[in-house]
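Colleague: Residue numbers (the numbering used here), protein chains in the order written: chain A, 1 to 82; chain B, 1 to 152.
Think of the hints as simulated: they come from the structure by calculation, not from any bench. All C-beta atoms in this analysis are idealised placements derived from N, C-alpha and C, irrespective of residue type, glycine included. Hints are supplied without guarantee of correctness; some may be wrong.
[Stated by the list, open to error] Reference listing, derived: stretches of chain B covered by chain A, where coverage requires no fewer than 3 residues with Cβ under 8 Å from a Cβ of chain A: (1) 73-87; (2) 109-117; (3) 128-142.
[To be verified] Just a sample of chain A residues kept apart from chain B, beta carbon distances all over 12 Å, derived: (4) MET1; (5) PRO26; (6) GLY33; (7) MET39; (8) MET53; (9) GLU69; (10) GLY70; (11) PHE76; (12) SER80; (13) GLY81.
[Unchecked claim] Only pairs whose alpha carbons sit at most 20 Å apart, straight line, appear in this in silico EDC-like list of lysine to aspartate or glutamate: (14) B:LYS149 / A:GLU72; (15) B:LYS132 / A:GLU59; (16) B:LYS149 / A:ASP14; (17) B:LYS124 / A:GLU65.
Here's the letter readout for the chains.
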Amino acid sequence: MHKVKVLFFATLRDYVGTKSVELEIPFGITIGGLTDLLMATYPRLENVKDMMMVAINREYAANEEVIPEGAEIAFFPPVSGG
Amino acid sequence: MDFPTIISITESELDLDTLLARITLPTTGASAIFTGMVRGQTSRGDAHETVYLDYEAYQPMAETKMHQVADEIRKKWPTIEGIVIAQRIGRLYPGTPTTLIACTSAHRNTGVFEAARYGIDRLKEIVPVWKKEIGLHGEEWVEGHYHPKPGE
């Protein structure tokens, strides 16, 4: 297992109820795997799963990507700045 | 001479004069500036009034992505001299400028207009900033539509 930081922004933070959590995750787990774990912990995320963007260490990432040790993962909806 | 790139995410007022001076070089003869502001009354689509907007950013990633937008501008329009990409965050009321994109170059016909347009379009696609709209009858997060590709 290794420790990662998971951040949530905007609508997703409202659904989860927290800005960030530290999690122990298995080595080799992908973003998709982490998403499944989060859905189990925060079932309300099911409602917004189609709008979940994800970044690993501040770069947009794919579901198949394996999470590196000590990574900062962020989940957020499509951006709406400007 | 190094061309200046100014990236800013701030809770302070956007100061156009100061920002523009910082991207005006001895060789500069033109600039194109885009600013977006909080619209108090919306008539297009679902007509409504906005009391204020609350902006938030994933600041370190937003700064990285703003630098990326500036790099993309320089690749597409190598004649661009200075670039400002600024986003104000926090609680912002109607009439307040929220974002500022400015590009400078030697002459007006070297892509400055297109470059500034590209800058705001890309900011709205890939820079992680969100706004919640507070209206007369409640509040809701404004939803973006673009889904960036991995690594984009």
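Colleague: All hints are to be evaluated individually against the structure, with a verdict given for each.
Modeller: These are the hints, each one checked on the structure:
no., hint, verdict
1, 73-87, "violated (count 1)"
2, 109-117, "violated (count 0)"
3, 128-142, "holds (count 7)"
4, MET1, "holds (25 Å)"
5, PRO26, "holds (22 Å)"
6, GLY33, "holds (16 Å)"
7, MET39, "holds (19 Å)"
8, MET53, "violated (7 Å)"
9, GLU69, "holds (19 Å)"
10, GLY70, "holds (15 Å)"
11, PHE76, "violated (6 Å)"
12, SER80, "violated (4 Å)"
13, GLY81, "violated (3 Å)"
14, B:LYS149 / A:GLU72, "holds (18 Å)"
15, B:LYS132 / A:GLU59, "violated (24 Å)"
16, B:LYS149 / A:ASP14, "violated (25 Å)"
17, B:LYS124 / A:GLU65, "violated (25 Å)"
Hints 1, 2, 8, 11, 12, 13, 15, 16, 17 from the earlier list are contradicted by this structure; the remaining hints agree with it.
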